[in-house]
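**Q** Now for the letters of each chain:
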Amino acid sequence: MSAPETTRPAAPRWAIWLPLALFLMFVVLVLVGLFRPADREVASTLIDQPLPQFALPAPLPGTPPAASADFAGGEPKLLNIFASWCLPCKAEAPQLGQLAAAGVTIEGISVRDTPEALKAFLGQNGNPYKRIGADDSGKVQLSLGSSGVPETYVIDGRGRIRYQHIGEIRPEHVPMLLDKLKAAR
Amino acid sequence: MKLLHAFALALLAFALPLAAQEAQSTAPYAYRQLDDAAQEAQAQALMETLRCLQCQGQSIADSDAPIAGSMRSLVRERIAAGEQPEAIRGWLIQRYGDYVSYAPRVTALTWPLFALPLALVALAGFLLRNRFRRGQA
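Those protein sequence lines, which keep their order, are chains A and B.
Residue 133 in our numbering sits at position 133 of the first sequence; the count goes up by one each step and never skips.
Residue 1135 in our numbering sits at position 135 of the second sequence; the count goes up by one each step and never skips.
The set of hints was computed from the structure by calculation and includes no laboratory data.
Ideal Cβ placement from N, Cα and C applies to all residues, glycine included.
Treat the hints loosely; a few may be bogus.
Examples of chain B residues toward chain A, derived with CB under 10 Å [stated by the list, open to error]:
#1 Leu-1074
#2 Leu-1092
#3 Phe-1126
Starting from the given sequences, assemble the full structure and let the hints guide the process.
**A** Printed below as a string of structure tokens:
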């Protein structure tokens, strides 16, 4: 009976600690994952790709409608995705005004909005947009790989997406966006 | 009579948020099923395996987030137009990455997840075979 045991080579002494070491490695892995701040942003995978084709109707009688063809003009532009029902959009309105005052062309897409609410929103927060498209179904938002409002895309003069800014534009983001626009020239 | 009144009030209190939710989406098929039952079943099956981009633990079939409404509408309209469910999933993955889908794919990055269990089972079988042999000897 004892014959097989003697033929088996003896494991080194340190090997007894191996399971514990593996377990501790696992604990460290779990703790790192647990305490690392969660990244809940879903970025578009369309960076450096052509802007998807779209032609949206104007949400209000006076404003010109937005279409993807408007981005082929040779000058980099911003494409801002917003909605009157979104509070961060209200917070970024002064920064958009600042960018428009600096000579940046901003095209807007209002997502799942109503004309009345949009009119009130623009009246209250100002209208920095050259054109606005009404994306009532949200299809154009999805085709852009946008996962929420507000989001701002930097589109170069050949109509390619160069950068996606997720969330509201805060004052500290304005110089960064101006740099991205300059780089997109 | 008083009881009936209270009941009617309670009913109203429950009904109002529902009405507000319905009014939330301007996407045509966010809260409306397709007329064709077979197509709706196909759309439903796909919607249950697509992630809502806003409430990220939920599928778009479960979520009441506005963007989930848009995604449901997109899925239903494309199914109604005769598109295959996997083509719609592919269209979304092209824009949002694999994260948007709950159905895992075998890719250059994920193949070890599928290969490793098979390798471990094979290794266990090999070790057990050796052990049983030794027991017989």
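**Q** It remains to establish, for every hint, whether it holds in the given structure.
**A** Here is what the structure says about each hint:
Because the beta carbon of Leu-1074 (chain B) sits about 6 Å from the nearest beta carbon in chain A, less than 10 Å, this interface hint is met. Given the 10 Å rule on beta carbons, the hint for Leu-1092 (chain B) holds: about 7 Å separates it from the nearest Cβ of chain A. The restraint placing Phe-1126 (chain B) at the interface with chain A is violated, with a minimum CB-CB distance near 17 Å, outside the 10 Å limit.
Violated hint: 3 only; the structure is consistent with all others.
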